[in-house]
Amino acid sequence: MIRTTLGALLSHWWRNPLQAFTMIAGLAMATALWSGVQAINTEARASYDRAASAIGQGRFDQILNHDGTTVTLTQYVALRRAGWQVSPVIEGSFQFGGQGFSLTGIDPLTLPRDIAGGTRVDLADLAEFLSPEGLVVVHPADVNVLTALGTRLRSDPSQRRGHLTASVATAQKLLGVQEFTRLLVANEQPLSRPTLAAVAPALVLHNGQDQSDVARLTDSFHLNLTAFGLLSFAVGIFIVYGAIGLAFEQRRPIFRTLRTLGLPLVTLMGLLAFEHILFALIAGAIGVALGYVMAALLLPDVAATLRGLYSAEVSGELTLRPSWWLSGLGMALGGTAAAASGALWRLNRMPLLAAAHPRAWAAEAQRSVRRMLRAAFGLGTVGLLLAMFGSGLNAGFGLLACLLIAAALALPFTLDLMLRGAGMLARGVVAQWFWADTRSQLPGLSMALMALLLAMAANIGVSTMVSSFRLTFVGWLDQRLASELYLSARTHEEAAALAGYLEGKVDAVLPIISIETRIGGLPAEIYGIRDQATYRDNWRLLFSVPDAWDRLNRGEGVLVNEQLFRRQGLAVGDQLPNQGDMVLGVYGDYGNPAGQVVLGLSTFRARYPDVVAMRFGLRTSAPQRVAADLREKFDLPPGAIVDQARIKAMSLEIFERTFSVTTALNILTLSVAGFAILISLLTLATMRLPQLAPVWALGMTRRTLALLELLRALCLAAFAGLAAIPLGLGLAWLLLAIVNVQAFGWRLPMHLFPVDYMKLGVLTLLAALLAALWPALRLARTPPDRLLRVFSNER
Amino acid sequence: MLQVENLTKSHPSADGGIEVLKGVSFSMEPGETLALSGESGSGKSTLLHLIAGLDRPDSGGIVIDGADMLRLDDRGRAALRRGTVGIVFQQFNLIPSLDVAANIAFQARLADCYDAAWVRQLIKSIGLSDQLDKYPEALSGGQQQRVAIARTLAARPKLLLADEPTGNLDEDNADIVLTLLLDAARDAGTAILMVTHSQHLASRLKRRLHLSHGRIGG
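Protein sequences appear in the order of chains Y and V. Just so we're aligned, residue 150 is where the first sequence starts under the working numbering, counting upward by one. Just so we're aligned, residue 0 is where the second sequence starts under the working numbering, counting upward by one.
Hints in this document: simulated from the structure, not taken from any laboratory. You can trust all of the hints, since none of them are fake.
Facing chain Y, according to a computed beta carbon distance under 7 Å, are these residues of chain V, among others:
1) 73
2) 74
3) 77
4) 80
5) 81
6) 86
7) 92
8) 94
9) 96
10) 97
11) 106
12) 108
13) 109
Computed spacing ranges between beta-carbons, pair by pair:
14) 128(V) - 929(Y): 36 to 42 Å
15) 16(V) - 527(Y): 35 to 41 Å
16) 72(V) - 156(Y): 23 to 29 Å
17) 581(Y) - 18(V): 43 to 49 Å
18) 174(V) - 863(Y): 50 to 56 Å
19) 62(V) - 155(Y): 29 to 35 Å
20) 174(V) - 581(Y): 44 to 50 Å
21) 185(V) - 498(Y): 39 to 45 Å
22) 163(Y) - 18(V): 42 to 48 Å
23) 115(V) - 248(Y): 50 to 56 Å
24) 498(Y) - 62(V): 27 to 33 Å
Which chain Y residues face chain V? A few, computed with CB under 10 Å, are given here:
25) 157
26) 161
27) 164
28) 400
29) 403
30) 405
31) 408
32) 413
33) 414
34) 416
Here a beta-carbon is modelled for each residue, glycine too, at the ideal position from N, C-alpha and C.
Just chain V, same shape as in the assembly (with noise of 0.2 Å):
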């Protein structure tokens, strides 16, 4: 499902540019769920960046189901982000002039795979079927972001990339969220590389990696 070969990147600094990145190389199976942790600073959100085709490395190779992000101009990373790529951020980023209805619907419109069934199921397992009228301001954090998994997984992705996802929630929410996150992407048979410092959270996680200093640990 996903290959990342010795990847690099460096961030450009006033001392020339810090190495972020040193040669991370791992892989998953499809519907496998992978935590990565790590102390601030180690690299992981630019490593999610890579993978999801939001930013370029220095070097080394991404490939996901198949396909060499490393080939793919503009339209193609953004064409894989629309179909195979999933992702939830720590922020949330729902559109706010979109009501919730439409917010969940978004990707799946955006992909042109809008399955309203299963959108049905999403929402109806987020919890949120009295709310799809409202816009997001009205809702609470653990609400916005239970809303952009179901955008996520409404796409049906092979795999999602998982930016801390309950890093602006309680403990309580968090679990809420993460339980739905698994449920949703079993279901879909999506895999998951989510990116947490919580040490409780990456346990329900069927594997973890650990990056330190830009490269990956145990």
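For reference, chain Y alone in the conformation it holds in the complex (with noise of 0.2 Å):
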């Protein structure tokens, strides 16, 4: 009885593969979007588990090359040459044996004496350890795979598996790598040594406890890609629930059947259930390898963005991760779960002798217009609730989630109305057909005009953060990096030197001169600055007291980057904790996550009477003739002199990349939803025939219908796209002034983008185009006797 019922059940998909095909590939979809920002975050944090595990992260300050590549030998020389107390450490993967291995590759000789003995590598071992032939610290597991390795290996329980510890010269040889991954710098250095800047210009140092803040900082980071990742399911489930919605409804005469013929109710919900898992573990299976092809091409970015901001090493390399793969396929079965259960609730309720209207889906559909309306008031009110005593960033996104889904419950009935004021206001019989012809597809429609409204939404709401984000930071570039040129001195002599120097030779000679704290548990930055015009002519102050300069040169108290007064909770005029000292303003940061504190440079030099400036801001007319000249005077090398507009493509450059993995996650959401459009007027396309054949046969061509099923598409679209713009606005306007500020700390002026709009209107309604082409053209080569069967008594 199973088998031949689930057979029969089975068979209606065989015959309707486009259906078959919705429901995998809309499911597929979600599960893609959702998995693959879900690889996206695990392998960030997986990332940050490894290095706070890592050998001497966390404790040691850490050299890396400036642009994430790797550190030369070269460099590598040079700084000991120089008197840095480094070390070099190599990370790597491969492949061996059919196993996938993690190697460490570390110069016991030079490692910092305090982690020393957490190498696992004895005094005994050490020849052996850097003998060309090498040795291999392993786990006692992986002893057997790795017995062909071609080195030594030496067995320690304590030992991660899957991890192995060698020498640098044998990790080379096993990466097949010629360079290192980051250099350790040992906590006792050398006074007299020179500045990193001077010995390799091109490396940048790290603080070590820097690295122990990333998950910390980088969770909101990860937070909002969830959120984006969930926007994104929750426009592929409108796809599977229409889908679901129409199947059940095309089936409910199969159903009465196979009850009729002797199943159970109880048999049937059962099979219909296992059916649904079937679609899920398949479309999951599909969409989760889709989640991973689209991850693999996103997290490079990823990466290069949470370097550039937060500067977290994230492997830029995508490992298959079980968790996720769990993940993908619970939210697979979820979705569908959650699809499925109205329809097959109402299967349950269904009575076994009610009538199998063809339209019954449709005028179901119709009857919870209202229902949804009531929910979207329902959803309305615990927003505004959450608007008036909600807190915190989950607080911001569930305020948006529900201004999302209300205004998407809400869509229906606003289609309703305005259709049936296109009715009203219609002149001539066809015209009055179609309006009401158009009403009466909406609830076929509504699924996915109600996931474009979503997908448009979001669109709209978040390129006007990215762009308002762009305009702010450009304006906000300009006026910080007012210097024309920016130096680094390699040693104090010559900072003391090239100051000397400058004195008349330019405009202002500004000094960069700070030093690293943590405020409230963060880090944070104190920065003394001269009283100079170029500080007051372009930093703008958010909010201050009368006289915040004055104020500040006197030594009368300090002005704070936004991240920090929002993060502490202060206000204008409060004592700064720890510091004591009173907050005379603030200042926008935007892209930088640590807190920052800015003191008069007399108070500054006061406190820190050890802190030398080794970089300079210049002022000047004449910056290329400037910088010629200092670097003949002085023989700077080339990292030495910066001119601004290198500093600002480069701070450009950290700012696109930030948000190309949103941008990208924003495309899909829209293609997905052009693609539910397609898929709901190809559906519907073969429920239209009972319709249009009586039109046909009253003198309408196939050809005039089918031009009519193209403008009803893109009337359609447009009428969402309509609702949507006032909805993206509303959700930029949260993005901006809620979730950005608990995410990032700052808030940002919002702009509006007219012509993207209109842009992005065009876009949408040449996608409704595209996606009832198809249908329409389908409609207008339907042979007459199709039509005709409509007709025919004997069907």
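Given two chains presented individually in distinct reference frames, assemble the corresponding complex, making use of the accompanying hints.
Right, here's the structure in full:
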């Protein structure tokens, strides 16, 4: 009985491959977007964990290449020769015996003393460890696989499974690389050593403590990605919901026949549940695989973003992890359950003798419009309460979810009102039929239109946020990077000589002097700035006391960046935690995750007399001449003088990469919505003939009917687009005013971009047109005998 | 084979309920053929649905092959429909996604009593041997009804309930289908209770009952 019935149920999909494709594609795309984002998040978090457990991370300062690439042997040798106590580390992974291994190469001779014991290399093994043949420390469980590796193995139970430790030379050989991943910086360093910029300008020093803060700092970034993943998933689930509802409705007569022929209800429900689980598993597996591809494509950009924004090192390579396979399949199953539960519930309550009305599904959808409207009001109320009483990032996202879902649920009612209005204005019988028929199509298309509304609103909202951010950021860069040249000295002596030489040769020399500290448990920097017009003219204070600049220079208080201000919940005039200084003003500091405090230069020097400015901003009307002059006089290396344009370009590059992931997700979500319309129109087309055949018989040509179908898709997309504009702007406001403030610590002014919205509108209409083209062509080419069958008494 | 005792049934309405069946009683012997006629709205289809266990009466009793229908739960009634009672509807109710061969074999497989030789004989008798790989949409109404009858008889039910099985067919096709139904039922030893408006078709069955305003007439 089970096999026979299952065969009959599945035969529906076999005979309606388009519907099966819709189900699987919708669910697979939803899962792909979700699991892709999860893969990126998981990989990044695994990188933080690896970093935290890796040798020296979080305990020692580290030197890395500024662009994220490797450190060369020449750079390492130059640093050692200059007196820097650094030790090379190589990290990588390789496949051996069908398994993946991670490998850390170290140099026990130069390794900082405090961690030498943690490297699992005894002195007795040292000679062998450093021998050309090499010694690799492995977990006992990995010994068998690695026997043929070509090096001696030493089994050590405390070694992490799948992870090997070897000398730098052995690691170079096994990984096939020559350069180092990073250099560890010993805590004790000779006082007289030259600056890093002087010896190796391409390298940057990362504070050890910062590494342990990475996971904390990046939480907001990952939460943003997760929210986008969920939004995309929701859009995909709309397609699945529509497809399942349609399939249930089309199969209602079959369900009735099966029950009549003796199939118990409970068996039918069980088999349908099994069928949907089967779909969910197939689509989920495809979705996870697609998500893997998507994540692999996006991960390098995410890694660059995290490196640029938070100095967080994330591997650009993706590892297949059981956790996100399970998470993806779980979401596919959960999404299918959510989408199918309503249909199964209706089936459970359906009287056995209920008429299998072909339009019952649409009629039911029509009835549900009011229910959806009530739910929209309910969600709107919850959103209002969240806005009034909620706080934090989760409340922000909750409010966003309420707004989006409420708007989507209210869409069918809104569209119905719009179409009713259009129908009342219509003149002529064809126009009146067109609007009435469009209204009757609404239930079948409402899910796809809701998906389109969400995707468009997300697009408008996110693009408004990103573009507002870009405008503000570029303006802010112009203000903050006012100096024409930025100069780095190699030694204290050189710094003093440069400052002395430049007096009178440039308009102003602005020392860039700072120390690193922690305020409120998070990393922060304290800067000292000179009383100079450059700051007063260019630094726009968001909030301030009167005469803030004068009072700063008199040492009566400090300026803080917006991040610190908001994180600490400060108000202008408050005392700064730890320091006790009064907050005189707040300045925008976009793109910096750390807190910042600015003191007057004299106050800074009085408090930190040992700190010497090694970098300078130079105000000059002839930057090229000054740069050439300095290079000639002081024999400065190429990286010692950077002009304003280059710094701006680098900052903008980081900015663009930061939002490349959200932009990509945005485009994917919009594509999914376009796909939803196509599939809805195609599936509805199969049910349209009984409605269109009488109109055809009354004298309207198939070509005219097809053109009207195209026009209908365009009208509905245009109406949904109109509704998406206010929703998208509301979303942008929430992102800028709530989510961004919570996630990054700064609030941005909102700008409007009407031309971009118009372009998006045209794009959406084009997508709707393309989606409607195929069903319309099919209609135009429908043979008359198919239309005549509608009137046949024998059917 | 079938005992129907004092059956009553009302349908809810705005006025509080319409009494469709008002104490209907009759019985049938194994292999007997009975035509049930009556004007529209007299309760013929309702009676058939109650006997098939598709609906519940307000009062009265139905015993089929010794099983008290009213004491059975959904599973029990479903089991009875699978093995003992077969139903042929006016609207054919074939499974559109299965071909003719699969549709004919469907109920027998569902009841786990598939007999290939018997199914072959049925297919031959309905004259659709060359249409087995076609889907219902490609068949005419008469052909579809023949498939529906073969599907029901393939499970060798003891009682076949037919609700105006020829209502959608022209006179010639109706005769062909009824002949097929009676011949195959005779071969299988199946009793037939057929609802029909047609006096001509009713005359071909052994016994006739007339239902009028919810009561058995003559």
